[in-house]
Amino acid sequence: MSLGVLMLVHTAFDRAEEVARHWAKNGCPVIIHVDHAVPKETYDLFQSNLSDVTTILFCKRHRCEWGTWGLVAATQSAAELMLEQFDQVRHVYLSSGSCLPLRPVSELREYLDERPNVDFIESATTPDVPWTVGGLSEERFTLFFPFSWRERRFWFDKFVHLQRILGIKRRIPRGLVPHMGSQWWCLTRSTLINILKSPNRRSFDRYFKRVWIPDESYFQTLTRLYSTQVESRSLTLSKFDFQGKPHIFYDDHLQLLRRSDCFVARKIWPQANELYSKFLSDGAEAMPRQDPNPGKIDRIFSRALDRRVRGRPGLYMHSRYPNKSWQKGVTAERYFVFQGFSDLFEDFQVWLSQATNAQVHGHLFKPAKAEFADRQTSLNGAISNAPKLRDANPNAFLANLIWNTRGARQCFQFGPSDSQPIAKFIANDANARINVVTGAWAVPLFRSNKDFSLIRAKAARLQKIETEALRHMRAPTAKARIKIWSMAEFIEAPMEPLQAIVDEVGNKQPELMLTSPTMRSLDGFGQFLQKLKNEGMHPYLMGDFPVEAPTKSTAERSKPRKPYLVKK
Amino acid sequence: MGALSTYRLRLQRKRWRIRAFRKRRNLTPVSDRTEKIVSSDLIVVSTMRNERVRLPFFLQYYREMGIKHFLIIDNNSTDGTAEYLTAQPDVSLWSTNASYKRARFGMDWVNWILMRYCHGHWTLTVDPDEFFVYPFCDTRPLNALTDWLDASSIRTFSAMLLDMYPKGRIDEFTYESGQNPLDVACWFDAGNYTIQKNQRFGNLWIQGGPRARTFFKDDPQRAPALNKIPLVKWDRRYAYVSSTHHLLPRGLNLVYDEWGGEKASGLLLHTKFLSTFPEKAEEELKRRQHYAGSKEYKAYANGFADNPDLWCTWSERYMNWRQLEILGLMSKGNWA
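Protein sequence lines correspond, in order, to chains B and E.
Counting in the numbering used here, the first sequence runs from 43 upward without gaps.
Counting in the numbering used here, the second sequence runs from 10 upward without gaps.
These are calculated hints, taken from the structure and not from any lab test.
Predicted, not measured: the structure shown is a model, and the values here were computed from it.
Among the clues, some could well be false.
Dumping the calculated SDA-like pairs for lysine to any residue here, alpha-carbon to alpha-carbon at most 20 angstroms [to be verified]:
hint, chain 1, residue 1, chain 2, residue 2
1, B, LYS287, E, PRO229
2, E, LYS242, E, GLN205
3, B, LYS281, E, PHE145
4, E, LYS110, E, PHE145
5, B, LYS287, E, SER86
6, E, LYS226, B, LYS287
7, B, LYS309, E, LYS110
8, B, LYS408, E, PRO229
9, B, LYS411, E, TRP323
Footprint (simulated), chain E over chain B, 3 or more residues, beta carbon under 8 angstroms [as the list claims (entries may be wrong)]:
hint, region
10, 298-306
11, 346-353
12, 418-426
13, 498-505
For each residue, glycine too, the CB sits at the ideal point set by N, CA and C.
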């Protein structure tokens with residue numbers, strides 16, 4: 043009879059009855075408090091159902107609204123009755139109707155017998171803990187809270203705000219240092235007697251009646267005054283979500299709960315039949331003990347919290363649709379955009395996919411259709427290459443593509459001939475790595491044998507489009523990592539940027555490039571640009587190209603290139 | 010959102026409720042077992058026409074989930090749907106011969122049934138080819154979810170429509186009554202959905218999936234909407250606006266998180282594309298009772314003429330809800 047249990051019950055009476063009987067059968071007297079809001083018939087029925095057990099008693103009922111004094115008053119009444127009726131009780135365990143003992147009661151009793159003077163109560167000073175609902179920690183103890191947080195949230199917030207403005211501060215009774223913690227504790231008889239019979243009890247009670255959520259601070263604070271040995275942790279496993287409401291355990295948590303090293307868990311879903319039958323059965327003692335692994339429970343619930351608060355970056359779905367510009371990266375993973383490279387090199391895509399382990403697409407935003415890698419007509423997630431589907435929502439098209447292929451690095455080509463609305467999205471995405479050789483779009487024009495007036499018109503259009511795209515990339519809002527070379531600058535020394543690209547995209551072996559892509563012949567490109575100028579269309583994105591036939595050294599370099607490799 | 014537009018939405022909501030009230034005369038009770046409903050019951054509401062072959066599995070699926078009562082509106086079935094449903098102990102049946110189209114594609118009837126019988130109940134409004142999937146649905150009954158939603162002060166639960174299809178021609182596999190349609194139509198598109206926000210009602214407008222990819226690839230704006238809010242703790246002041254895509258008051262449409270987090274959500278596995286479909290599509294096309302001049306059914310008729318296979322290399326095979334969760338089609342949110 044060294045352990046007594048207080049139970050606060052307001053719903054699921056059949057389960058509360060089961061648990062109370064379990065405690066009583068294992069030699070623990072139980073004092074039950076039933077919320078005053080429970081109808082009399084329900085209460086009477088509950089009480090008469092348990093009348094056959096002499097060690098289960100009912101105490102005076104109080105109205106228990108969440109976050110109010112009623113819960114403390116209920117606990118006080120129950121504890122007083124316990125101390126008065128059962129002399130042998132040395133430890134008193136506070137639990138609720140939805141608590142479930144996870145380990146045999148005998149184990150708990152042995153555990154407490156070994157620690158006869160220890161008070162198990164989570165109790166921390168307010169500035170040191172982050173668990174605060176509604177942003178109130180210190181102020182719980184210094185402001186007034188006449189409005190219910192649950193029902194009159196608006197007035198609650200307004201009144202707190204007003205008091206902050208007016209600088210209202212309640213005086214904390216002398217000698218008290220506010221502590222907070224889980225309301226589920228296990229205290230020794232002597233500590234409880236000291237708290238309940240304290241000469242200052244009236245003034246303490248008067249003070250705590252006006253404190254917000256006193257059930258998380260009354261005993262936590264007063265224990266610090268009287269206890270000889272406080273162990274600041276709760277023996278009850280109880281996890282809270284981001285709204286400050288307890289997580290609920292279901293049948294599928296059985297294995298998890300068996301591996302917890304806590305003695306009691308809360309809150310159990312009343313219809314979790316398997317949990318109740320397994321943990322309350324007589325065979326519970328015989329249930330094979332497993333190595334405790336309480337960290338697993340922690341991980342599951344902190345992951346759930348993370349899912350709810352931060353979610354999976356780059357995912358757009360029917361229950362996650364972040365406001366524009368709210369997130370840092372608007373896509374799931376890093377990806378690479380190459381502008382001008384496939385114009386400048388004959389085999390850039392093939393080369394890049396061989397040199398790295400990335401998936402290299404062609405022009406995903408080509409007006410005719412999306413050019414997926416390996417000429418596929420659809421891609422991961424059943425994304426279609428149909429241009430109208432893509433252009434109906436290009437941002438979603440790209441975000442989906444990156445989300446569906448997560449784990450495999452994506453590269454694609456882009457250029458002024460492509461459908462442009464995506465340009466801004468890419469430039470503003472922190473996951474994008476953009477490499478641009480400006481003016482390279484002129485190379486295919488230069489090499490085509492079309493009517494020069496058509497070429498001129500097209501060059502003018504492409505130059506305008508690329509300038510606009512560059513404007514997005516140079517805007518202060520751009521979050522992508524962007525490298526821009528003018529074409530002249532790039533062909534001067536192409537190997538260095540190419541090596542950097544391979545390194546960044548991800549080499550198959552962390553070694554130097556063994557091959558390089560073949561650059562198209564640029565003989566006469568200078569004259570071509572001059573001809574455009576002569577026609578009144580001034581190309582400026584390429585940088586400066588000499589008009590004359592290239593000198594020997596540059597001519598060599600613009601010949602089909604041999605692998606030019608840096609040797610260590 | 011200004012006061013004026015808020016007031017306009019209020020008027021609109023009232024209009025739908027008045028319409029629903031007036032259209033109640035269309036409905037003739039065939040078997041009214043609504044007195045059996047007790048306060049904690051979960052209810053399914055459904056409108057159907059000639060769905061006899063699907064019903065055995067439909068009822069079984071939702072009974073196992075923990076649905077206690079079915080409120081069904083039968084729109085002029087000729088295949089024994091009404092007889093079958095009348096014999097079920099947990100079904101209340103109404104029949105109507107009135108125009109589906111003039112009842113706003115059945116929504117006036119549904120709104121009336123919801124208003125009259127579902128006040129204060131968690132209610133799932135689904136079609137007979139839609140199968141609701143939610144996080145932990147293999148281990149926890151539906152009332153575990155609704156209890157949790159109650160505790161979290163959440164009133165509506167989102168479930169996107171996920172089109173399921175067989176591999177190969179749709180008419181290749183015959184669907185037998187009582188069979189799980191997901192055995193036949195077990196493929197789906199995992200990640201080609203696009204989302205826009207409807208500023209007026211605050212809901213998301215989602216398109217995509219196999220229907221957009223095959224029937225609407227040249228006119229994607231007209232592809233059917235996939236966003237649905239089928240599970241609602243109903244209040245008689247609420248009204249569905251257009252199918253179960255969105256409802257009023259508009260706060261109920263906020264089933265998604267806007268700050269990067271994920272709210273808990275489920276899916277409606279849509280098993281429209283069974284062997285019964287081509288015939289049904291043809292009939293629906295003749296009746297001309299569907300949304301926007303039945304353009305959807307016209308597209309199906311054209312699409313199925315040349316290529317009746319919805320399957321593609323990247324189609325995903327359905328296994329369980331965890332797979333759907335990992336793919337990002339639904340979310341556990343903070344329910345663990």
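Hint check:
1. B:LYS287 with E:PRO229: 43 angstroms, violated
2. E:LYS242 with E:GLN205: 25 angstroms, violated
3. B:LYS281 with E:PHE145: 19 angstroms, holds
4. E:LYS110 with E:PHE145: 37 angstroms, violated
5. B:LYS287 with E:SER86: 48 angstroms, violated
6. E:LYS226 with B:LYS287: Since the Cα atoms of LYS226 (chain E) and LYS287 (chain B) sit roughly 46 angstroms apart, the hinted pair is violated (cutoff 20 angstroms).
7. B:LYS309 with E:LYS110: Distance ~48 angstroms between LYS309 (chain B) and LYS110 (chain E) Cα, so the pair is violated.
8. B:LYS408 with E:PRO229: With Cα atoms ~18 angstroms apart, LYS408 (chain B) and PRO229 (chain E) stay inside 20 angstroms; holds.
9. B:LYS411 with E:TRP323: It holds: about 18 angstroms lies between the C-alpha atoms, which stays within 20 angstroms.
10. 298-306: Three-residue rule not met by the region 298-306 of chain B, so violated; n is 0.
11. 346-353: holds (count 7)
12. 418-426: Holds: 9 residues of the region 418-426 of chain B have a Cβ under 8 angstroms from chain E.
13. 498-505: Result for this restraint: violated, n = 0.
In terms of the numbered hints stated before, the structure departs from hints 1, 2, 4, 5, 6, 7, 10 and 13, listed from lowest to highest.
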